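Undergrad: For reference, the chains in residue letters:
Number of protein chains: 2
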Amino acid sequence: MLSKSQIKLITSLKQKKYRLQHGLFVVEGIKTITELLQSSFKLQKLYTTKSFKIDANYNADDEILISETDLKRISFLSTPNTALAVFEIPKSTKIEASGLTLALDAVRDPGNLGTIIRLCDWFGIKNLVCSNQTVDCYNPKVIQATMGSITRINISYVNLEDYLKHTKLPVYGAFMEGNNVYQKQDLTDGILVMGNEANGISETIETLITEKISIPRFGDIQATESLNVATATAILLSEFRRRN
Amino acid sequence: MLSKSQIKLITSLKQKKYRLQHGLFVVEGIKTITELLQSSFKLQKLYTTKSFKIDANYNADDEILISETDLKRISFLSTPNTALAVFEIPKSTKIEASGLTLALDAVRDPGNLGTIIRLCDWFGIKNLVCSNQTVDCYNPKVIQATMGSITRINISYVNLEDYLKHTKLPVYGAFMEGNNVYQKQDLTDGILVMGNEANGISETIETLITEKISIPRFGDIQATESLNVATATAILLSEFRRRN
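Taken in sequence, the protein lines are chains A and B.
The opening residue of the first sequence carries number 1 in UniProt numbering; numbering runs sequentially from there.
The opening residue of the second sequence carries number 1 in UniProt numbering; numbering runs sequentially from there.
FYI, nobody ran anything at the bench for these hints, they're computed from the structure.
Heads up, some of the hints might be wrong.
[Claimed, not checked] With a Cα cut of at most 30 Å, we get these calculated DSSO-like pairs of lysine-lysine:
| no. | chain 1 | residue 1 | chain 2 | residue 2 |
| --- | --- | --- | --- | --- |
| 1 | A | K14 | B | K72 |
| 2 | A | K184 | B | K126 |
| 3 | B | K184 | A | K126 |
| 4 | B | K31 | A | K141 |
| 5 | A | K72 | B | K14 |
| 6 | B | K141 | A | K16 |
| 7 | A | K212 | B | K91 |
| 8 | A | K72 | B | K141 |
| 9 | B | K141 | A | K31 |
| 10 | B | K14 | A | K141 |
| 11 | B | K45 | B | K72 |
Owing to the predicted nature of the structure, the values given are computational and were not obtained by experimental measurement.
Only chain A is shown next, with the shape it has when bound in the complex (with noise of 0.2 Å):
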């Protein structure tokens, strides 16, 4: 049975603003969940309509059987799973000034963020550094394009201006105008940047790159614009790997 003040709660954080308040996120899906059951990520409590019974570091008063009504109560799915968790936010760990570091200038559809931390975890990116204007990677339709992937990076959200400023490491960025990527004989570890969907990097951060890469085009001249931001992300840190 499931209280008010819990439904309360759980339907709040849909919200960004009340995930920072109350330091907490939902999971949906019972393999995401298992996921972050079984990696350093703290559990507060795990709905569910039968017992998980499997072997992960988490308290076993903390799993709550409740009814698929209830369960259709708290979900954030139109088709709700069998289970929903609420993990508490991780404290971002330092950023290492070490291999390549993947940053994002304001990327804010949830499943092209979704989709580059799972790219991270592929191409064993430890650090993704995302600006203050990228959307929160604990919003649920992020958490649920990652498939797991999110407990094995560590995300920061920064200024991304000021982190920049403050590095020696080489900035690569993406842009329809850079040297193309094919050509060049090595790419070193750094950082390489992103930019938003519909306007790519910013003008600001523009000045910070040391380095402009693009992806050729290969189509008629009337050919597609532009590639959608994680599919170029895919192609660039395949780029990036190749070479090593």
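Got chain A sorted already, so can you dock chain B onto it with the hints?
TA: Just chain B, lined up with the frame of chain A:
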């Protein structure tokens, strides 16, 4: 003013069976409608809250001014644009046996298919061959995700097994355990097959693949199990193209 029969026809086009029955599909969003008007696609009717007045090959009589209330009645979007157009589904032209052809084995997600059509346009892939189990490319969500690219790609729905049985071209397939694509000296033109979101390439199709290729994973052992089919397609098309 919209008639009841017009409203009934348009709203029925949300479903594939009525799209096939009438040979019509719906497009929303001024940018995509304009791209289709300026292409070889044939307009059936354009419903708009203000006149388009663009240089394109359509009959002015087919442009019907309607109120915002009427647009809300026929729109498939929760926040309708200012126009909705109904176009005729074109007959697919013969699949060319030259260049690189992309083939999809039961890709189900409309957003993924839309993104893949946009990628074909970027990378100059003229022919996209879809198994009959692949989501319909005239699904409104696919059309929206293609951003107009659908006008420049020849898309065919076929019995994929029959199609691959009758080709003499090399047939590449994306697998988790294929040859490392980065280490391939050359990737000749042929057919590249991408599989279903959950199950990959089906067993029947697998027997017709002449070379299995894969994108290496760089993360931890625990890392994400697979790449999304659209991002994997992005990386593999980039790998075919950068070698030319």
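Undergrad: Mind listing which of the numbered hints don't hold for this structure, in increasing order?
TA: Hint 7 alone not satisfied by this model.
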